[in-house]
Amino acid sequence: MSEITKQSLSELVKNIKNKKISSEEITKAFVNRSKKSKGLNTYITEDYSSALDKAKKFDQNPNLDLKLPGIPIAVKDLFCTKDIRTTAGSKILNNFVPTYESTVTQNIWNEGAILLGKLNCDEFAMGSSNETSFFGNVQNPIDKNLVPGGSSGGSASAIAGQLTPITIGTDTGGSIRQPASFTGTVGLKPTYGSCSRYGIVAFASSLDQAGPMAQNVKDCALLQEVISSYDSKDSTSINFKRNEYSKELTNNIKGKKIGIPKEYRVDGMPKEIEDLWQKGINYIKDCGAEVIDISLPHTSYALPTYYIVAPAEASSNLARYDGVKYGFRAKGENLIDMYEKTRSEGFGAEVQRRIMIGTYVLSSGYYDAYYLKAQKVRKLIKNDFDEAYKKVDAILTPSTPSAAFKIGEKKDDPVSMYLNDIFTVPVNLAGLPGISIPAGHDSKGYPLGLQIIGKAFDEQNILNIAYAMEEKIDFKNKITDWWIK
Amino acid sequence: MSKNKSEYLISRKDNQYEVIIGLEVHAQVTSESKLFSTSSTKFGAEPNTQVSLVDAAFPGMLPVINEFCVKQAIKTGIGLNAKINKRSVFDRKNYFYADLPQGYQISQFKDPIVGEGNVILDMPDGQKEVGIERLHLEQDAGKSIHDLDPQNTFVDLNRSGVALMEIVSKPDLRSPEEVSVYIKKLRSIMRYLGTCDGNMQEGSLRADVNVSVRIKGSKDLGTRCEIKNVNSIKFMQMAIEYEANRQVDLIEEGNSIDQETRLFDTKKNETRSMRSKEDAHDYRYFPDPDLLPLEVSDEFINKLKSDIPELPDDKKKRFIDEFKLSPYEANILVSDIDTAKYFEEVVAKMGKNKDIKLAVNWITGELFAVLNSRNIEISQSPISAKNLAILINLIKNGTISGKIAKTVFELMMDGNKDPQKIVEEKGLKQQSDPKALEALIDKIINDNREKAVEYKQGKEKLFGFFVGQAMKASGGKANPQLINEILKKKL
Chain Z
1 MSEITKQSLS ELVKNIKNKK ISSEEITKAF VNRSKKSKGL NTYITEDYSS ALDKAKKFDQ
61 NPNLDLKLPG IPIAVKDLFC TKDIRTTAGS KILNNFVPTY ESTVTQNIWN EGAILLGKLN
121 CDEFAMGSSN ETSFFGNVQN PIDKNLVPGG SSGGSASAIA GQLTPITIGT DTGGSIRQPA
181 SFTGTVGLKP TYGSCSRYGI VAFASSLDQA GPMAQNVKDC ALLQEVISSY DSKDSTSINF
241 KRNEYSKELT NNIKGKKIGI PKEYRVDGMP KEIEDLWQKG INYIKDCGAE VIDISLPHTS
301 YALPTYYIVA PAEASSNLAR YDGVKYGFRA KGENLIDMYE KTRSEGFGAE VQRRIMIGTY
361 VLSSGYYDAY YLKAQKVRKL IKNDFDEAYK KVDAILTPST PSAAFKIGEK KDDPVSMYLN
421 DIFTVPVNLA GLPGISIPAG HDSKGYPLGL QIIGKAFDEQ NILNIAYAME EKIDFKNKIT
481 DWWIK
Chain E
1 MSKNKSEYLI SRKDNQYEVI IGLEVHAQVT SESKLFSTSS TKFGAEPNTQ VSLVDAAFPG
61 MLPVINEFCV KQAIKTGIGL NAKINKRSVF DRKNYFYADL PQGYQISQFK DPIVGEGNVI
121 LDMPDGQKEV GIERLHLEQD AGKSIHDLDP QNTFVDLNRS GVALMEIVSK PDLRSPEEVS
181 VYIKKLRSIM RYLGTCDGNM QEGSLRADVN VSVRIKGSKD LGTRCEIKNV NSIKFMQMAI
241 EYEANRQVDL IEEGNSIDQE TRLFDTKKNE TRSMRSKEDA HDYRYFPDPD LLPLEVSDEF
301 INKLKSDIPE LPDDKKKRFI DEFKLSPYEA NILVSDIDTA KYFEEVVAKM GKNKDIKLAV
361 NWITGELFAV LNSRNIEISQ SPISAKNLAI LINLIKNGTI SGKIAKTVFE LMMDGNKDPQ
421 KIVEEKGLKQ QSDPKALEAL IDKIINDNRE KAVEYKQGKE KLFGFFVGQA MKASGGKANP
481 QLINEILKKK L
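Heads up: the protein sequence lines correspond to chains Z and E, in order.
Under this note's numbering, the residues of the first sequence are numbered 1 to 485, in order.
Under this note's numbering, the residues of the second sequence are numbered 1 to 491, in order.
The shape of chain E in the complex, shown without the other chains (with noise of 0.2 Å):
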């Protein structure tokens, strides 16, 4: 591990402090149903469509956990490099709410199904490994809407029983830029194993983070602060700046900083406090006499392991050592599964002859601006890999320049048209007949005599002016090399 050069600090007066940050994040199960019952758990449904008795919690009603949600969490962990536990217990976590119909939640306290764990972030100065702490199995709550009515309270239940992994870091983070980081690198491995889809616009990544400071250098942690339930990378970044901040005033004015549960108002930019540790609920947590410890074997983990897809920091690796990337183009391919898809299917449908650098240069440049302009993800690209690949070889065969490629993918945008048909249409294949190139330069020539004399006697800028013309007689077809040897010949 390098040491980090571009350090977060914090500085008063004489004093430098350094924030230590750990994340409890809550990722939603990629699953059809519930962790602990068989209704849909589908976004963006009608208010209370997808409830079912257990979930509503009726009486005499039973949890009956979902094998394919223990799939996932597995899965998870094992993408995170984390110790899989064969045993583990749901406990019930008890406290009132109106959208908590059980009036506990089910989770895992003592014994959760995944333990410890480590993911690598790519730093811009070196590697950073962050500790996983472990990752636990739960239930979420239905949703309370308060602003819907003066007086009144709606709940939803259809987000009621969803299964969530909540992934405990170890406070190894130190910035908000690694927490950025750190959070793009989880979303990532997620998705590529299917196990959570990341969006935190629907709420399903959403995180507490856990925030102290302490003078730099010292080896004791200070009094943390959690601040609940923050849904973007963003608004992460502003609550940590803010709270490290606050945190620092308390103790440059001699005070202590009191361990509490805040909250990130996003309009004010600033945490509040929300209960202090006095007021913190006592959960009551004890194994749910409804459910019988979960108990995997062996065999099971391992059928889980032979199916986990290569996940980004392989596929780095590869690309680096198969494509001759730089680290810095692997991580970028890497970073989103579908990029990743769509740059190795550009790879493949290249053919033998392929060109690498340029598919990579196409890719992060003029598909990526295209796709920031729309604000689409790869996924809905308007070029396939397919059509983007025949236009890189189309490329790298001399049929077109690159100056010709960039109408051509513009016209490929609309309706995804196969770039070979556009071109043929357009007629802009690249002029490389060499006789007809010569004749071309001799006109050119001809007609320039006093130039030409000029660039003979040493003007060597005029060279431009001769390409520039032969270029434009070409109607921009010429293939610019060809002009290039024949003019220097010729003059």
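Isolated chain Z, as found in the complex (with noise of 0.2 Å):
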């Protein structure tokens, strides 16, 4: 048996299952490297202490039948966490312990599953490198002072970095997708009302979506089936039929038809990505499925789109954190002054900026023009992809138009920042699921992803699709252990 942290979930929990393995030993060995591993800054709340009392619980009464019996795993701080502090990567809720449990997280649990602490993200999730965060940057285990992607890098680079076994992520314009192709690991976007938003800290909220980040495709497809359910508190979360999509999974995709969007071959890309991209066309058909050349029009307004709807919804969202209830408060002369100083003080330089970016757009005289029309738009895109999908099953892509950068490259320039989620975006826009899969390497070593983009509600096809390429890929992701001294 190899060493644990090193095993994939389905590994740990074969292991567990066949009593190879305590739920104790696994927990001491993903809190041993946690422990080891304060310099990636992943953790912005440890709860080993308790984690590994609830490993010894459980096995005194193990149930094997669940998914995941006694497997520790450590979530995004932006699901709140009953009686353990959620901060969304934000001073505002420094201070914060929520008396309730979001419903995705609680899935996880009733499945058996332990919580190892909370992950960084990006100040509520905005953000695409983590530098957002009050609670610092996250390196990315790849290699030192490179970012993990964001928002959720502190996700990203605790499974990367075998912080964890499987983790959870949230997804608004690329949050997961991204830093996973940062890191060379799996992340999957569900369809929008797959899994439900309760209980998460709010973003953007007719974009946002929780989903699984794993080591492989498998374990994501696992965790998906865990964490994605109906649930009546949230009402945009939509019944539909619900796969068991890790025992559903086949490699077997012949005849498929995947369509290749001439718009995403944007100016100014990178040739390893072009490069990337066409390997991956080589794998597609290697595998026995078709590939058709496409066209999605507008895909070039998704980006001016995105960051007119999410910073709009984002405004609004974020007008409750005014010091009144909860989380910090500034002392102010008077109810007008303590709002000012409270979120001048309690939100970051990137979240201000959303924030009037939102409100301005909303604004009485310029509503029509900007939020109204990035609505039009919006509807244009969807439209784009249902035209696609008359004709191919599933649409291949690069999941980012880089490798992972530098820390500090790119933080002063908003713009160039949000040029990241170029290839994301859209597939938020429209609610359909996407996933990455790590596919290579840039010429540094780094890791380099690809997209692929689904019909609503068929995360089986796109997982199938991702496992198949997964085999072919044999992608190997280059882990030094650079930070454990």
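Check the hints yourself; a few may be wrong.
When the alpha-carbon atoms are kept at most 16 Å apart in a straight line, the in silico EDC-like pairs for lysine to aspartate or glutamate are as follows [unchecked claim]:
1) 71/E with 99/E
2) 6/Z with 481/Z
3) 325/Z with 438/E
4) 170/E with 129/E
5) 325/Z with 67/E
6) 485/Z with 143/Z
7) 488/E with 438/E
8) 86/E with 116/E
9) 110/E with 143/Z
10) 233/Z with 67/E
If you're looking for bench data, these hints aren't it; they were derived computationally from the structure.
Dock the two chains into a complex; use the hints.
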């Protein structure tokens, strides 16, 4: 048996079910590695001793019928966890301890998993490099001073660094897929309405979606099957037949039609990304699937549309952080003064920037020109996909226009930072599922990902395609443990 | 529609001004739980004891629509003869305030659940139709309490998230009197439907009043001012009167009216500026992404339609047709659902040989007087409808006289006693035996021979003397009609 923390979720589950290993042993291994990995700054809140207690308790009377029996899991700090501080990476929630549990995390605990701690992320999930977190930068295990991507940067780093066997993130414009791509891991953004938003700190309600992040496609499928559920507490949750994704997983994708959208060949795209995409197309063909050129004509409008819709919703969603009821409160002369100081001191620069953009685009006199127009374009983008799916079963694109960059490199250039999401944003606007799988390395040896976009509710299909490609690609993540002294 | 003859006009030197009024009524939906959460809506609980995580806007909390409140809004729309919109949208109205935990109110802006309708007012000189512009559902805010502490404001979130119906009228109202009748009619309709209890003291019904003035006969609307959150009919009338006169004075002095939001100071009986149009909030309305558009089917609406009880206008018509009541009487009886219920129960309990007129007189006379003097509602009446029906039947069948009935009525109030029993126990039964009464009258004529002679000689006034004597001799129980007949015969 290989080192515990190097095992995939599927292996760990198998070993625990065969009683080759106990929950306590697994939990100890991940706690110890997490303790040695403080240099990555992945955790905002650690819950190790409680995790070890729960593991011991699990071992006393193990229920091995569960899908995640005694498996320790660290989660993004955007999920509210009962009695465990939940910060959303923000100073304004620095001291916030929920009295309730998000549906997605509850689903995980219901299957026997144990909380290890809360993972770092961009403040309110606004960022593509994890540099906007109040709790500091997260290191990418791939290389020193490399960003892990964002906003689920802590989650991606924890998976790649083997601090947790599996994790969950949230994806509003690419926040699962981009960091997965930057860290050589697998990340799935499910169909909007697949995973409940109840108890997840909201960024942009019409785009936010929780999803699994894993070392491989099979683990990703298993976690998706655990977290996806219909929830009457979320009015946008959709009641559809959910597969047992891991059981129904197959690498047989013969005859599937995969679309290649010409609009994703953007100006200035590095040759290595172009090459990676071509490699992906070849793998698809090797698997017996058919490759078809398609057009998604409104792609170039996706990013500006996203940067109207998401900040608009955020500006309203974040209004509740006002110092009145919970969280950080600054002293003020009067109510207005208290609001201003609380929100100026409590929110970081990127969050403030997006609140201002959002407030502006919703303002009287600008609403029609920005918000309303963006909604119309959003509909056109969705129509593009609907048209394409008349001809193809799924779409293959690069996950990001480049590999991970250095910490600080783009921090002061928001537009160049926003461009990171150019391939992932249209998927959120259309409410579709998308998965990023590691597919190669750039010249510096940094991982690069490919994205497979599916039809709504067709997670099984893109998981199968990813599974088949994964086998052909045979990607190996180069983790040197450089941060462990 | 008949023309309103008693016009409400404001006169100055050479000009007469007409007052144009439109109301935005905020009616609290009668429901167990709030519009988007399961917390209780019960009035009068300890502060902050009826607050869920959703009401207090905790991170990650999401609104889920309360279907019952939707039904209540649609029923109200039906009661207002209004168009029910099968698709409506909840929007966010964004503004910061300490008693608004989300930082926005969930309301309906562009696509309300109920569209145009109307309400018929019964004015002294005829009926008047008032147009309804729309009805939409929205959340109430919490309550800021400023007077508990010199430095701090306290916030009570019990009301936060309670469902309100905002009912917007067209600018069809022309006088404080019409406003009063309109509010009462709206309240009456909603109480019939059980969709709002209309309790203004508890804040279940309040209104923003839009007032403008114009020279009589002019077709253009003047600039309006909105008087916010007035919570009694009397204050609405006072506020309109003050505000209309203020606007007329401004115009007469050659000034223009500024469109603004004003507050009514109930102590000083005046309105004063709260904020001008320039300072108006930019609410940044946009569709709430946490909620899908609200869609209701024809089937859903039709089911509610079939559940609608008889409403005041129909009931009034039926009372006039079925019971031959005057429109005035019918109006009094139908305006409050409990009065109508009480009346109908009295009618039912009177049985076959009923005297509707007598029932109306007793309810609107004696009973209303008691309720008024005790300041109680008819639902708390000390005399049940059943016992009042028995009393009326006792009068109708000659068991007791109307005068004795008043005595019985007084006695009934103590513990809702059965009038039949009171009559028996106190021996109040009317003497209607002609033989006994003849003997009694013979004796009186005998005892007063001189007066009898005077009467026969033409002093007809003395007839009353003999009636009085006979009633006195019978202890008030003699049947007055029989006494009259016998006396006429014997004298």
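ask   = Against which earlier hints does the structure fall short, listed by number upward?
value = Result: hints 1, 3, 5 and 9 break, sorted rising.
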